[in-house]
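Chains A and B are the protein sequences, given in the same order.
Numbering of the first sequence is given in our numbering, commencing with residue 1 and proceeding in unit increments.
Numbering of the second sequence is given in our numbering, commencing with residue 594 and proceeding in unit increments.
Think of the hints as simulated: they come from the structure by calculation, not from any bench.
Do not rely on the hints blindly, as some may be mistaken.
As the list claims (entries may be wrong) - Here are some of the chain A residues that sit facing chain B, going by a computed Cβ distance under 8 Å: (1) A59; (2) E237; (3) A277; (4) G313; (5) K359; (6) T361; (7) G362; (8) P403; (9) G481; (10) Y515; (11) G527.
We put the CB at the ideal spot given by N, CA and C, even for glycine.
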Amino acid sequence: MAESAEKLKILICQGTGGLASGAAQVAEAFETEFEKQGVEASIGKRCAVIGTGCRGLCANDVLVDVCIPGKEAVTYDFVTPELVPQIVQDHILGEGPIEKKKAGPYYEKFLEKQQRIIFSRCGTIDAESLDEFLEHRGFEGIRKAVTMKPSEVIEEVKKSGLRGRGGGGFPTGMKWSFCAATPGESKYLICNADEGDPGAFMDRSILEGDPYGLIEGLMIGAYAIGCKFAYVYVRAEYPLAIKRLQMAIDTCYEKGFLGKNCLGLGFDLDMRIKAGAGAFVCGEETALMASIEGHRGMSRPRPPFPAVRGLWGKPTNINNVETFANVSYIFYNGADWFNAIGTEGTKGTKIFALTGKVKHTGLVEVPAGTTIKEVIYDVCGGIENNRKFKAVQAGGPSGGCLPSNAIETEVDYDSLIKAGAMMGSGGLVVMDETTCMVDIARFFLQFTRVESCGKCIPCRIGLKIMLEILERITEGKGQEGDIELLQDMAYDIKKSSLCGLGQTAPNPVLSTIRYFRDEYETHIKEGECPSHSCKPLLHFRVIEDKCKKCGLCPRVCPVDAIEWEKGKVAYIDLEKCTKCTSCYDACRFMAID
Amino acid sequence: MMELLTAEQLDKFTVQVAGLEHPRELIIDLLRSVQDNHGWVPDEGVALVAKILGLTPLEVEEVATFYDKIFRQPVGRYPIHICDSICCWSRGGDALATHLREHLGIDFGETTADGLFTLLPSCCLGACGRAPAIMVGQNTYGPLTTDDADRIVDALRQEAQG
Ligand SMILES: Cc1cc2nc3c(=O)[nH]c(=O)nc-3n(C[C@H](O)[C@H](O)[C@H](O)COP(=O)(O)O)c2cc1C
Ligand code: FES
């Protein structure tokens, strides 16, 4: 502890997001600069450039923390390699922080309402270092768990009130007790890291930023249930997550922390990563097991539940990444501590992925009970370009769209379902006034239709027919009665589909009808799209009071159909216009309808 | 590039298969290894995997064709996965895809004449905070303007030459 506290540390986000913005080059620039300017010698301290997990604020990468021993850490945003010499020269060797380049007040606000528990190690420690993990309470949880009987461990999880973070919100302790109670010598533990929900990437961030923490959660689960083997099923799209987790697993094997007599604590556990190969439905637990077994990833009816007949017919327990990550912290701090955070029905924190038309996209961790409005406005700075908020899609393709009068809803499993959405994996896609809600419903349905495994008819054919109806509405060919037909079909598909995919796929349609029925009606009755977003319904007219006379549209028009002079509103000659939508796409002011 | 599995890989898998109660669980790992070496999985690759696992080629084919990211047809040296899911779509993913199609002169699923690029639509890449995003090989890029996308393509072209 003492030695590392003495070091000057540069923390740089090295998650997928950070790397995409050039974090590796920034890290390199620091190394080079330290060498070139002889920094270690002149300040008399060792310097370390540390690659951490994601800080959550993806929109402002690359984020860099400069931690000088004895002083408060300073955060810079949008750091480029070119800025590095200045930071080293002025801040580290010179006067102090460069005020102008520091992350603005928004960064403090971003952190203020959050309660970063699961993320406490993501972004602060070297994700690849076992030593740093151990310095930050690593494996304290499993050490405490083995002092209890397995049944007491399960009781402790029950007492904490933890519910599954993979979507359904099933009480975790209860799930564990089912599997533990099923007779059988060999049982399997599975960690679901398939994270297919578009708009969700918190599991990736945990895998990349705190892989050892996840391994610890799995160890506790395995000990409690009596599993000797654990699989982590990671989707193909997460190569960095797979690499980091594999490194962590290998290191644990080398140190004797995994395998026989884990950590010398008297229980055995083997762990292996299974990489997927691109199929959304494999996030569904029965499809996931089929995929691990080497079959097509198709779901099957439940019961029998995995706890009774799971992987290769053996009792199996499946939980989500974030669920396991929570387990470690429950054992660091105790069930009572965990139980005191959150609401009556939802304990602890939940990580949300804020995306879409919001100012600061990224990952935020808030205690359950925070309202969606607080998350969007207070933490993430509100709507981009100061446009008007229209709706937020909560829970991915299985969730629903909430309008502005419903965003006071608390983030809590039960409140969200009551409002017509769901917690799901925690994706919040923010939409502004330019988004057409019928089109959004169509978009989600297209997604679920493509990803349906095709085994059961309601999902395979029913979703296709619903999609056709929605397509026809967005093309202005909707018919009287279409809304009712959509609702009827939605209920039937929900009731009769085989797995969660079909059972939840109609939700976006139902919730948009519930809250934005007038938009459906305008499309059907008047052939108009109120948000001017459905392309087949565009008129190719310039809206005079929105046109900023910038002259961009005539330049993109391939057939010279747009007349414009400096300082004048543009005019589209409909005789010449081929309706290619180039001008519509190019206009930044939504001035073409 | 053309070898299906290296001698070491073959040895490693053979040993693994012998030690497993359910060798079939290695099917995706094997297909992915073949694909990493060869770029895609040809019929001989399917036959080889089947032989190693003691399955029929049809059983392997059944699995190979289920997954988006196992290619049963030739692809370019750099398959470009463009995210077509909600966050990228709502932040200009469509326009980016159209641009790349025009810039490369190919449609989705096609490969450029020089054999370098294949354009593939993909489900969410988990880079939603950086939308619109694409993935090439192990790297994720985003948020991208059309110019950024051109630069990535150019850099890859250069890499292929150099
Ligand atoms: C279509 C579909 C996709 C799913 N995708 C995921 C996923 O990506 N990650 C996940 O953890 N759970 C996913 N689930 C939920 C799992 O089936 C399962 O309930 C969950 O992993 C249980 O973990 P928990 O109890 O910790 O929530 C999905 C379910 C359905 C129906
Ligand atoms: S929606 Fe495009 S990466 Fe997630």
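Going by Cβ atoms only, is A/A277 closer than 8 Å to chain B? 4 Å, holds
Status of the A/P403 interface restraint (C-beta, 8 Å, chain B): At about 17 Å, which exceeds the 8 Å cut-off, the nearest Cβ of chain B leaves the hint on A/P403 violated.
Is the interface hint satisfied for A/Y515? The criterion is a beta-carbon contact with chain B at less than 8 Å. Hint on A/Y515: violated, closest Cβ of chain B at ~18 Å, above 8 Å.
Would the stated hint for A/G313 survive a check requiring a Cβ distance to chain B of less than 8 Å? For A/G313, the interface hint is violated, since the closest Cβ of chain B sits about 11 Å away, which is over 8 Å.
Can A/G481 be said to touch chain B, with a Cβ gap under 8 Å? 28 Å, violated
Restraint check, 8 Å cut-off on beta carbons, for A/G527 near chain B: 23 Å, violated
Identify whether the interface hint at A/A59 stands, where standing means a beta carbon of chain B within less than 8 Å of its own. 7 Å, holds
Does the nearest C-beta of chain B fall within a distance shorter than 8 Å of the C-beta of A/E237? 5 Å, holds
Given hint A/G362 near chain B, where the shortest CB pair must fall under 8 Å: 5 Å, holds
Quick one, is the A/T361 hint okay against chain B at 8 Å, beta carbons? Given a least distance of 4 Å, the restraint on A/T361 holds.
Residue hint A/K359, partner chain B, criterion CB-CB below 8 Å: This hint is violated: A/K359 lies away from chain B, its Cβ roughly 12 Å from the closest one there, beyond 8 Å.
Of the numbered hints given earlier, the model fails hints 4, 5, 8, 9, 10, 11; all others are met.
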